[in-house]
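Undergrad: Read off the chains here:
There are 4 protein chains.
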Amino acid sequence: MSTVREATYELLRAHEMTTMFGNPGSTELPMLAGFPDDFRYVLGLQEAAAVGMADGYAQASGTVGHVNLHTAPGVGNAMGAIFNAQANHTPLLVTAGQQVRAQMTMQANLTNRDAARVPHPLVKWSYEPPRAADVPAAIGRAIHTASLPPKGPAFVSIPMDDWTQEAAADGSERAVARRVSGRGSPAPELIAALADRLGRASNPVLVAGPDIDASGGWESAVALVERQRLPVWAIPATGGGRLGFPENHPNFQGLLPPAIAPLSEALAAHDLILVAGASAFAYYPYVAGDLLPAGAELVLITSDP
Amino acid sequence: MSTVREATYELLRAHEMTTMFGNPGSTELPMLAGFPDDFRYVLGLQEAAAVGMADGYAQASGTVGHVNLHTAPGVGNAMGAIFNAQANHTPLLVTAGQQVRAQMTMQANLTNRDAARVPHPLVKWSYEPPRAADVPAAIGRAIHTASLPPKGPAFVSIPMDDWTQEAAADGSERAVARRVSGRGSPAPELIAALADRLGRASNPVLVAGPDIDASGGWESAVALVERQRLPVWAIPATGGGRLGFPENHPNFQGLLPPAIAPLSEALAAHDLILVAGASAFAYYPYVAGDLLPAGAELVLITSDP
Amino acid sequence: MSTVREATYELLRAHEMTTMFGNPGSTELPMLAGFPDDFRYVLGLQEAAAVGMADGYAQASGTVGHVNLHTAPGVGNAMGAIFNAQANHTPLLVTAGQQVRAQMTMQANLTNRDAARVPHPLVKWSYEPPRAADVPAAIGRAIHTASLPPKGPAFVSIPMDDWTQEAAADGSERAVARRVSGRGSPAPELIAALADRLGRASNPVLVAGPDIDASGGWESAVALVERQRLPVWAIPATGGGRLGFPENHPNFQGLLPPAIAPLSEALAAHDLILVAGASAFAYYPYVAGDLLPAGAELVLITSDP
Amino acid sequence: MSTVREATYELLRAHEMTTMFGNPGSTELPMLAGFPDDFRYVLGLQEAAAVGMADGYAQASGTVGHVNLHTAPGVGNAMGAIFNAQANHTPLLVTAGQQVRAQMTMQANLTNRDAARVPHPLVKWSYEPPRAADVPAAIGRAIHTASLPPKGPAFVSIPMDDWTQEAAADGSERAVARRVSGRGSPAPELIAALADRLGRASNPVLVAGPDIDASGGWESAVALVERQRLPVWAIPATGGGRLGFPENHPNFQGLLPPAIAPLSEALAAHDLILVAGASAFAYYPYVAGDLLPAGAELVLITSDP
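Chains as they are written, first to last, in numbering that gives the first Met the number 0: chain A, 0 to 304; chain B, 0 to 304; chain C, 0 to 304; chain D, 0 to 304.
Only chain A is shown next, with the shape it has when bound in the complex (with noise of 0.2 Å):
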């Protein structure tokens, strides 16, 4: 079990990101606490110019940058710079703190009302968590987000209790791992080492999503499949209105269970999964147990950033 700032700044850390800009203030210090050796803070006396160096910083290194901000009026008077950094092209993770959530529906001082709609018409994702021990996942896709084409900030607003709370510990932290192109294409690089990997996988299996066959990618699917021997589960239909590979295929196991432990155990042994034209996985019961069975890998081909 970790905390969610220790989990946070392993997601950080995994991200090369351990340049933190901003100007705090008082939601911001349960984040502070503790600050790691191997990371550094460096101080802007105004939001713009926190934002200013975060952006430039950002275009210099090649990494993520990170401002880190005080609740509403920090975001406020933030603004104008987060207008430059998404006209720029800059990928910026922006994160401010909250009150803590005993006091927000009561809008008690420093409460940020309207946390995620303020910034919402600059950055690419704005969200605050519903619990505390989504706030690495957040973080994280909100990095991700950022960092896809056309790049730019994505902001996530962080009640001041949660960092001292459990993380999720349901594999999510795997997140950490993943890798993503950042060039929204099917490189041909990117094409050979995919298929490198499903030559050296000693069981894989291929996931069909809907937009296999809306985007006129049927019967390649079914190559696919033939020339590599996979057995392929289908996304049922609550994940999008299609089918995305034929149900009388020799090689057809049926749609995936819509949950988690169940989903993780019908691709239990698999060491590859391969989903194509889905958005992995569309839940809808709540049945906790690890997003991917032991040892598995997920390689996504997806249109959804």
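Quick caveat, the hints were computed from the structure, so don't treat them as lab data. Keep in mind that the hints are not guaranteed to be accurate.
One copy or any two copies: either way a pair holds, since identical chains are not told apart in the list.
As the list claims (entries may be wrong) - Cross-link-like lysine to aspartate or glutamate pairs, in silico, DMTMM-like; alpha carbons within 20 Å at most:
(1) 123 / 160
(2) 123 / 113
(3) 123 / 303
(4) 123 / 195
(5) 123 / 188
(6) 123 / 289
Given the coordinates of chain A, assemble chains B, C and D onto it according to the supplied hints.
TA: Here is chains B, C and D on its own, set in the frame of chain A:
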């Protein structure tokens, strides 16, 4: 005929808003060209200072403050101080320049793409008029909205080529003379003044809206009409679901036509038009004309700000 | 201790809102489990019908109507009828189910991703509570907001696993007993009732907020305090920019501490707490405790809905 | 000169979008007046049916579907089905009628007050043009946006008096002939086609934008320019923070003037304009003229949808 610029300065004069704070750029120059001698412009070198001065000035003077910003980055820089103004319940007109209309859809440089959405979470009303001719009416509504309790900021985005266009000439310039109690309450002295005005009218008329019934005022409306021997018109159902007055009452004249010119003709010769329980008026077909008959005054009792 | 479901039904009962309209799906089942005998649920087969019935029922009964929808598609289908409800000035509580909190950030199927943003343009308040414990308080505020003039709809999104969690036990359940004039006006009979209540109090206190000065009430506040021999506390500057009462007045007690437990202690032994010209209260550090001292009633005169 | 209606139908024809689904009202009549013989209109008796048909038609036909709605209530009723369309990744043009421009600011009946905000959470782009003349360009962009991966709906609100106005005549009607790969990827056949096009050009030119450097393409750009002996212009800094090409290179011509007519003059005589790493173009002063020199084609390589 007057230009948008002339009509706007006349409107600001009528509200004693002859002090303007701001940090302008090129998109604000057409507003400032030929700046009138009886106005003063107080320059802030950063938007937080300009908004803060306007906020304090409004609080100290009792007028609606006016701050003038430079398209998207100016509004962005000001957001922290606009947050303070709404927390202070300060009545504030916030205006920002915008690209020329011909270059907005192509998102030319300095286009404020989300002009109304960015300040929206922090202001009481956020608007970009669909025609140059409507700029003075939009500014008039922003001033009105800002000054109703709880007071706060209101925002208007103004394409820079609007200032030299012709203002609307349908009588909406009389909005300059609009008086609002600013208390949101039927104070005894206001009731007395209205009774007196009704007594002095030579040919008054009641327009009955749906909220008369919704608020339990059906019998009071009948009593008023019989005591004052008022003719009564009703607002058509397109203005809300209910009828505000008994259709079989001898004083009932029918439903007002829902278009500008015919409605004005239907109320011709009345010197006092008392509208109760409605938003005045629910036009649908566009039949251009004067908003009110010549010589008429309109008093509106409404819960709709 | 009571569950969110128990506290919510108790709140609805106290507002005489025992008729619910809706078109539920699986995400609403936890709300409907153990549906109380004194409530009835009127089913609509499409959302437009469910909202329309709730709208008409509210108009005819004089209560706040309640319509219950099914996550994103249900709210989507209802938007046309919600538009009508706001045009009708109908007080309406709109609730919608949501995924379990653990599956929201991963955007599992049936997650209402933009739960508060979709209805936002058509309602007076749109909210998704940051904790299960806050659901009753959020619904209470939605009812309150919907019933203030101009009346209209208000929206709350409720994660489906919240209903069986524990409700907050800080005294906020007293919100059940909250009475609102619903007129937005200092009607003579309300003033008289307040004067009577003040006369009967054994140990009343005034809490003076910044809007006393902003609205020109400085001298009236001093006169009231001296006539009634009231002790006076002020709201700290974090609750707005101005002081509401002269600090050098002999009755002045100081600034209230800005945290729940100490503030409640500072006001201990008072049986009537009259707050004027403020939003009550501007807490910042989170120090848990009862919101009010035992036995105290609070009367709030404010322009903040 | 053509009217907005003529230009729009011509645009829809060019995209093979001659089937329209909808549930129109009076605000859509000016669009439907003189409905062309080569189009068909499929009526849905409720908006969910109209959107659903358009969604399925788009999926089956491979074109962008088109659904036409009736101002605010029509869009409201359609929101549930628009939610489905975005979940399905269906390319969909959603248009809705609006009051005449002269009656929008007064919020006359049938005004869609929050026209762009209501569908915003469910669509990829939501817009109401600031001038009648821009309606065809706005519809063109909506079609373009809807058809880029991940595909989805896009929305345009159209004041009902716009249809008979004159369309813009600045060359933007060439947008009719715009071709988009729809894959978001530099597929080998597209690269080959571009190389061929470059080879056939008699007088090509490169316009270098800031994302050439941001994406690590500096040396590739120099190599291309030297191999093809291309003159190079750069986008001024107002179009993004970086320079896209070495200013001291012998082929470097300078910064393009940031206004329509002078920019077109600077590129005169070129038959192929290759823009890389930029949003084309960052105009600021408005100097009317043709968007491109006579006879020129423009190819744009960009991450900006």
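Undergrad: Now tell me if each hint is right for this structure.
TA: Okay, the hints, checked on the actual structure:
For a Cα distance limit of 20 Å, the shortest separation of residue 123 from residue 160 qualifies neither inside one copy, at 26 Å, nor across copies, at 29 Å. Both within a single protomer and between protomers do residue 123 and residue 113 lie at most 20 Å apart by alpha-carbon distance, with minima of 17 Å and 14 Å respectively. Proximity of residue 123 and residue 303 under a CA criterion of 20 Å is satisfied in both settings, with 13 Å inside one chain copy and 13 Å between copies. Within a single copy, residue 123 and residue 195 get their C-alpha atoms no closer than 33 Å, and across copies no closer than 36 Å, so neither meets the 20 Å cut-off.
Proximity of residue 123 and residue 188 under a CA criterion of 20 Å is satisfied in neither setting, with 28 Å inside one chain copy and 31 Å between copies. For the homomeric pair residue 123 and residue 289, neither the shortest alpha-carbon distance inside one copy (29 Å) nor that between copies (33 Å) is at most 20 Å.
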